[in-house]
Amino acid sequence: MIGGLFIYNHKGEVLISRVYRDDIGRNAVDAFRVNVIHARQQVRSPVTNIARTSFFHVKRSNIWLAAVTKQNVNAAMVFEFLYKMCDVMTAYFGKISEENIKNNFVLIYELLDEILDFGYPQNSETGALKTFITQTGIKSQSKEEQSQITSQVTGQIGWRREGIKYRRNELFLDVLESVNLLMSPQGQVLSAHVSGRVVMKSYLSGMPECKFGMNDKIVIDKQGKGGASEEAAGKSGGGGGKQSIAIDDCTFHQCVRLSKFDAERSISFIPPDGECELMRYRTTKDIILPFRVIPLVREVGRTKLEVKVVIKSNFKPSLLAQKIEVRIPTPLNTSGVQVICMKGKAKYKASENAIVWKIKRMAGMKESQISAEIELLPTNDKKKWARPPISMNFEVPFAPSGLKVRYLKVFEPKLNYSDHDVIKWVRYIGRSGIYETRC
Amino acid sequence: MTDSKYFTTTKKGEIFELKAELNSDKKEKKKEAVKKVIASMTVGKDVSALFPDVVNCMQTDNLELKKLVYLYLMNYAKSQPDMAIMAVNTFVKDCEDANPLIRALAVRTMGCIRVDKITEYLCEPLRKCLKDEDPYVRKTAAVCVAKLHDINAQLVEDQGFLDTLKDLISDSNPMVVANAVAALSEIAESHPNSNLLDLNPQSINKLLTALNECTEWGQIFILDCLANYTPRDDRESQSICERVTPRLSHANSAVVLSAVKVLMKFMEMLPKDLDYYGTLLKKLAPPLVTLLSAEPELQYVALRNINLIVQKRPEILKHEMKVFFVKYNDPIYVKLEKLDIMIRLASQANIAQVLAELKEYATEVDVDFVRKAVRAIGRCAIKVEQSAERCVSTLLDLIQTKVNYVVQEAIVVIKDIFRKYPNKYESVIATLCENLDSLDEPEARAAMIWIVGEYAERIDNADELLESFLEGFHDESTQVQLQLLTAIVKLFLKKPTETQELVQQVLSLATQDSDNPDLRDRGYIYWRLLSTDPVAAKEVVLAEKPLISEETDLIEPTLLEELICHIGTLASVYHKPPSAFVEGSRGVMHKRLPARTGSGESTESPDVGTAAGGSAPEAAPSIIPSQGDLLGDLLNLDMAPPTTSGPPPPTTGMQMGGMDLLGGGLDSLLGGDLGGSPAMGAGFGAAPAVMPASLNAPVGGGLGDLFDLGGGVGMPMGAYIPPKIVWLPAMKAKGLEISGTFARRAGVIQMELILTNKAMSIMTDFAIQFNRNSFGLAPAGPLQVLTPLGPNQTIEVSLPLSTVGPVMKMDPLNNLQVAVKNNIDVFYFSCQYPISMLFVEDGKMERQVFLATWKDIPNDNESQFQIKDCHLNSDAASSKLQGSNIFTIAKRTVEGQDMLYMSIKLSNGIWVLAELRVQAGNPNYTMTTIRRSGS
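Chains U and G are the protein sequences, given in the same order. The opening position of the first sequence corresponds to residue 1 in full-length UniProt numbering, with each subsequent residue numbered one higher. The opening position of the second sequence corresponds to residue 1 in full-length UniProt numbering, with each subsequent residue numbered one higher.
Okay, chain G solo, but in the shape it has when bound (with noise of 0.2 Å):
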């Protein structure tokens, strides 16, 4: 007789039938029927009505019986808990019975069933078992406390299971140790902070002890437990590992990858040039590969956790290359996962092995494995210089065999070759130019468009290829649309003749017909650049672009660390910390690598603090930048050029977005200059001590400069310089002295510059170069420094500046950071150049103009200063400013005050109008200043 046929019975009146089977005097009856009761409940019928018959059965002697009674309840108990009661006494009287496996079956049973009234009566013999003689009951109970916990923590905490459990961690029996470890791993995951495994040298080596005697779950929950532990130095963590190691050679895939964890965890701390570091590292290796013999799911999982291993330790796997090729008939994820981790591991000594098997996977049937082979292909080239010929000829053969998605992804891995390799591999475009028409996926399309701008000068009919995808050109994706109108745009600064139709229809087609902003926003870009200045137009759009990096889609170091933690889980599948898949509480802190200890962390922090200082403030970084940030930068730029255009537009100001940056920056700029507010004078905080007597301002500042100039009248004419300060001290910068001043000399900014070498060694290749500014400044020429500066020498250079660099909002607005570059090393300091560097000599508005500008700017763009102990007449004052760009436009006189009207023009071309106030005999100046949005 078999028990299928307990599925079977779907007939109407069911219900009343079991009910009064179950209530047959019959054992034999009872029993068909509660299996009945558990087929039906299986496939998902509801059979909760029959709750009381069912626990009316369960007082029997047949375990069996029993089995499938309390598999009822832990079902059905939560939907009838008045009913759930009945069955308490039976619990209670199983958890005494003289047979252990009864004892344990009813405690375990009561742990899963989550009514409050059961719970409350689980207590006591679950106090009982955690104590029980036999280790079968109490590693059943360890697990119960940690059910309990997950209905009622407060319960756990407040009758001192926490305790008990602890204590089980030194039990005799390992298996007890290993449920007891899982618990409270468990239980302590919702407590973050609870320290509740307590984990110390001791426990660690009961820990350790338990790991070589308990079932592979135990040590599998061990392994985990222990992963969470941070060796005191790394002394303690290599015989931590010493004691681990031989878990490689378990037949557990899963005992492995936890032992692998807990490796990779401790090794952090050992310092590099330990000789057990260097056999640690040979040990992992071995076992890893293993995985990969194991059945298909778990060959993904490890190969999903290889491929981090391979990420933090490339090391480990470097010669194991062949063991990742993939089989025929690998499952697809394997066949994906290997392929990952293959271009990992290309490097110059295996990539003619690497390439031919990718040449091989490119001629399968699945679809998405051989995209993934022909772009790997291209991965290949830009990591392996050397491979690069081979990888484009490979390519080229691929392209040949006109499978469709094959061509098109090969355009896609070419146009990266491109990116990396300029000036090299152009030959091929005719090549690629062929299968134009068969490319019907927009990435490929794109990347093809991407490839005629930027060769255009080299195909000779590049703007018909162009115009022929412009006749689609609202069906086709952004990408295409994007790229199409860049590459038209590039075609027509490289030939301008014959491509105006062509720009023109394409910009109106993206400007006026389109509903997409970006598409639009950057169609008016291009527009305004190509028509107000073609020139700058040409540098912005066929700028050098900056390099592609190698390894595209390396996991985020941080991550990777925390994902090194969770070797083996989900998480390390996913390559998603927990957080961002499981609910709630669990699993959510975040876990991090031990740092190292010992000589290992002298020998590699400055590495990593060089590295990362050195390419901040680098111009060009070393990744593409995205959309946006080009389209910012493109903002800024039309922003800045200079205008001579006559008579203002109407200052609409919302018009300008851009000005608003600067907006903001300039009023407090110019305030603080001016008026010397203790805020913004603190830029200029070395200035004060070198002040002449004559100003006792508070703070020294612009304006207040200004008017300073020794104090006399006759001296002769000239635009305000401060005082050189000390930019760069000796020590920061091995030897190197900088300090300097900027100045206004005949319309040209110049950076006066003093080199000191305080070094023993010569000095030689200078070089100067300036970040992104607010007013673009940038060096006009190179740093002349012809001779060797030897030691303690000093010399003298000044810098031509010119206004047209890349502009950047800096914070304080005149803030500048440069960087020098000698022979001996790169070095970044930052300066503030005084405003009135940048009022420039056509500063003077014409006296209308001057009434009606005036008018025109809301009072909200008005700020007022008072100027303190300025002995001046108002027209000393008035040719001193002259001096430095400042313009007075016209003079009053009302009620014993002098007003002076002024102009001030700056490089970017906005104008600032101010109106001083000076009363004889007193000292002190009011100054307002109004500044006009844009013009």
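Chain U extracted, bound-state conformation (with noise of 0.2 Å):
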């Protein structure tokens, strides 16, 4: 198991160090840093193994959070770790940064003598943690808060504390999906994804039984069976727009049943109070690209290079979308940059070597074209400029994957509110991922 844990700054210096087990010394520490954090090339992997000592680190902005063992440990688990415990300080003190992680040492302290016993990952929910790592002092619990505590910490419904009360029972279901895309400087699709996420935020009373519901094939395709007019009748007033979308794969928060899921396919579960990340999911299946690049790199001689790129959106025209942004790298010899473009604004930026265009906003079926003008030093430089992708951002106000909620209720048998009393939100979000077109 996880014999230490170090967290350092960007300069090698200790802020946070934890022994677990007897076999990791101070000297631990030390070798981290020497090899891996001052060590002269890129590093070349996550694991590293110095002396019969294996090291796993993450890193978020200059911080480097180091977890160290002399065992076989599961190496997934202690990755996973790493990021819970990330997850946890930013839920308790907001940006992992040098000034935040010595401000609240002796709270770090604190949750790594309860997260972790003996090298072994304990309890690592912040909803539980924040009932009694408080960082206030020590409270006067009474028994009752004692015992309701250690039973949550350790219960089967970790994530949640009983006797919740809100006047307004209320929740929020947001759909946020990255689309990836790989194209070929010909059109043709290389690689699609989307790889979505269901975010919940819920604000409602007592122990809330939830079923959740989305217009997953293998449902729709199981209840099609049991009746095939019905099918029928919900082909003809769908009105366009795919009924159901195929799911690779998908993973859930803990909260969820899932033998329940892998029996029955149904989502049931008891939430935990405010946000948390329902399921994720994966499909490659039909999805709609939002946007198409089409690029144009004509080289004129040595000195010059032609770019003409044409993106073209692809959805309802009653549709926005915003924060668009097409990056266009240009050579490392580039001395100079002409650009004319009919919509948005477009710069070259010499220290990111590229043409970064930008358009605030882009309703559907439309299109519009940059054209750019490269001016090149001469170089002897015999290896060829590696031409990376065109890259693209965006955000628009659906799901390219087509995925749609189609219920989420909520069952409270103990609490006087049903399902009609429960103030329901939904949002759509699609975000580019890793949007690339090669040229």
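Don't read these hints as lab results, they were simulated from the structure. Warning: the hint list may mix true and false statements.
Computed from the model, here is a short list of chain U residues facing chain G with C-beta under 10 Å [said to hold, decoys possible]: (1) His38; (2) Val43; (3) Arg52; (4) Asn74; (5) Ile101; (6) Pro121; (7) Ser184; (8) Asp273; (9) Glu277; (10) Ile287.
The beta carbon of each residue, even a glycine, is placed where N, CA and C say it ideally should be.
From these two lone chains plus the hints, build me the complex, please.
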């Protein structure tokens, strides 16, 4: 198991060091600094073995978190734990920075004592931790409170405490998708997938039992078999758009009953209070690609490049895409760039070796164009310019995968509110992930 | 107010000040002081001097302060064991506190203090806490047992904590169960045979139930523990798999990977024809792909594991090639791993796409990545034959870029492509030669030199090219030097006229001016080979090369199996067994996949059996032999050629390292054969039964047989031929029975075979092959079975043998491994030939030479045998032996004893001299043989 956990600043100075196992000595702290943080070349692996000691590290801004062990630990678990550790710290004191860590070092030690015992990760749900690691000194807890804390920390529903009350029962669902694309210069889709998340913010009283439904193909097909007429009715009434989507794979927050999903494909859970990421999913079929990028690069002699890029929006004209940014890479020996664009603003950024073209808003089924002349310095460098792909950023108010939330039902039999009393909000946001077109 | 200020106090006299503050009456000040102490401790300052003062602060109702003091204690108690006792009382008191959080904190901290005296006091509170009413305390106590075990294993056993811990597996609280499982698993690792976990269907059921309820971490502990269980049968295996599969949808990647581990392992037990097996395979792919959208560090762990999974079960991800395409801003470690998996998944179906990608990668910035991409193109060519042409043209395009490291890498892989597809792509050689000057890496230079040497006949200026390398011969790396030597020898053998000077130059460079023994040895071998027998040299140097295998860097199967059992762990990231990086006894135990039960086994194992059996005796292994092997072969060959030179050089014995190889064996062989010693005679185990009655020797032997020959004078002269025995029974060869013997007729060794078809179908297409053997026996022609062999038919064939085949020392020395092929299958058997087959006709030594030699040979080389019950007189014996090419050189009579002096020459040029003492009327002869090492 994890033998020790260290946090360093960018210079390699230790900010936090907590050793859990006798086989890890103080010299491990220095070994990591010398061999990884101060190493000359770029980091070639997140796992480093130095003198039979293994170091796992992740970096958050310029802070290094390193877990150390001498045993054959579960590597995936160690990384998951390090991420979790970052989440917990962020939940307690915001951004992970040298200053914040120094300001909260006592708290961090307290947390580390709680969430890792002898190197074994323990309950690390912020909701539960915040009930008893408070940094406000000791609260005089009553006996009931104490046992409530412990039963929650160890219990089956470790992520929610009992006795939560809201005057207004309200929940928000955000379907956040990032659409990834790699397209060849000829417009052939080399790979495309959507990775999506359903984020739920709930303010519900008691221990509400929730059931979430979406237009999952497997579920719809199953229901369709039950009544063929219903399906036909659905088809005619749908008015365009896909009825159901094929989900390649999905993973759930630990509150979701996985065995139930496996058996019936129904998603039921008691949510944590506040925000949680209910589900992540991935689709690859029938993705709506919101933009198409058509590049045209022409080399005019050895010292000039002509670039023309057309972007086309491919969604309902009534919808508006926002925060559009096209990044056209330029060679390293660029000496000057002249840009003409029909819409938005374009600038050559020498420090980034790219022309950045920004458009605030663009409606569906439109197209726009930029052309640029790039002057090059003559070089005797034999190596050809690698031509990195043209990348794009945007935000659209729909889910490119076609996912639709069908329902989210809330049952709380013990308290007197029903599903109808809950105010529900659903929002879809599609963002660009890695959206690249080779040129 | 913030805490960061504690990090900044660095002035002198700090310790002193802190001491005062710690002893302050004000609570706040105390707390401040303790924080400063902890901050100093963190940055590595020694604040152990403050031990008593800090411990004094322990008695407080402020939980935050208490935790800080505990943290201090954990760090320094070991260095101040005596003072640590001061804390014991507080700990014991805290273990009784009304607040479960404080009880747990106390027991958790005590377990971390590795001081014997504290440990003693820990036992009682721990016992109570293990049975505490509060689950939070119990789950903490469970881990504490593991801590205590790490400090004092004996104590844990003596106090019966292990049993209590086992009971906790049935606890009502899932987190307690999970921690108990984790603690037990860890303790069990250091007691490999203890059966501590005692996994049985009942306890497995409990674990599976807890799996649904506990935290993500608990699920990992339980799944990792489950993976160590071996189900009783395929039904149990299936039911566990069914209950584990839902975990594949967990958001925590570690839960997913641990579930994959359990499934991969238990799947081994499922029969392949089961529907569920197919379902399971399908269920595994999506979660593995999903892991690739995790954070990069986890992607890396996942990719290293997928690399193993793809090798073990390629079918799972064969349709998922696209997800392994490299993204422009993937971290380099993710890129390299993805590339590896892409090559493993490359097949005819997706090769076009893969190649397009690889070509794209070859223009990237990172040098390592580009190199690997170029290499990958070459591997694709070798793996998917249909793509070879496209790969070669892609590589040529890349060479045109003139980017130095791309060109070099491309040349290295093109060499392998030439090896794999000879006589197909040589047209590109011209392009390669253009880049000769830009090569500066040894591997690329060596590859280019190999190409020039191998195709010297097609390259007009091959000699000039090679000569240009020769100029800086001593500055080259060994790899290049060796390659250059071989290439020039090849060139010489192909174009002897114009390159004589060159070859002499390189040979002298290699043998005289070099310090490298490998290079020197290879140089000498070539030199001698070329000077003694250029034809043989041609056969050796220009011999047909064995094929290179398609998959180059596959993990060896037993290691792969072990690594599959370690999916998710560090071992799977390093691709090394835990014993390679874990110290001590932990994790050294090798894990293995369970064996398949049920129908699967019967269908699979025979395949493996025949595959292994089929390839082993084959003369040409499918992998390139390492340099060492080649050298060994050459040495063997070098020793073998028959020498006809006149006076033998003085026997030094040491010079001929190879001679010793045969020496010992030959003595015992001759001895055994001549003297009929039981041990050696066993080789002729079948012979005694058919031996003539006149020879009552207990066991038949070579020379005994030679003497016999029907027991009469006046028999036609001829070599001894042992009777035919069954070499290959029909049962073992699908109905083909082979019996046979060896004979020497008119100076030619014959293998006389009787083939009998005892099967119901006709046999055709016979062929025969020998494995390498001690005297280089090899068929001199094909096996002449011209007509098909019908059922119950018998055919006699005689196969002439030569002694110029490859040599390898066998045990026993006269053992011969034979492969016979027909339209049905290939069959293997081994037989032993009488050593007398190898006695050559010109074995009669000059008298003078004989005398001189006899004296020359040291006594060590002498051995003596008794030949019993031989009723021949010395003359009859002499003439009989002459029939077998054992020549009598001289005879004298001393004290009524006839002394015969005889010489024998073996086909490999070894001389044996013998003295035979025959006493009239005594049927027992005494024979002394001496062997001259080499000639």
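These are the hints, each one checked on the structure:
no., hint, result
1, His38, "violated (16 Å)"
2, Val43, "holds (8 Å)"
3, Arg52, "holds (6 Å)"
4, Asn74, "holds (5 Å)"
5, Ile101, "holds (9 Å)"
6, Pro121, "holds (4 Å)"
7, Ser184, "holds (8 Å)"
8, Asp273, "violated (17 Å)"
9, Glu277, "holds (7 Å)"
10, Ile287, "violated (13 Å)"
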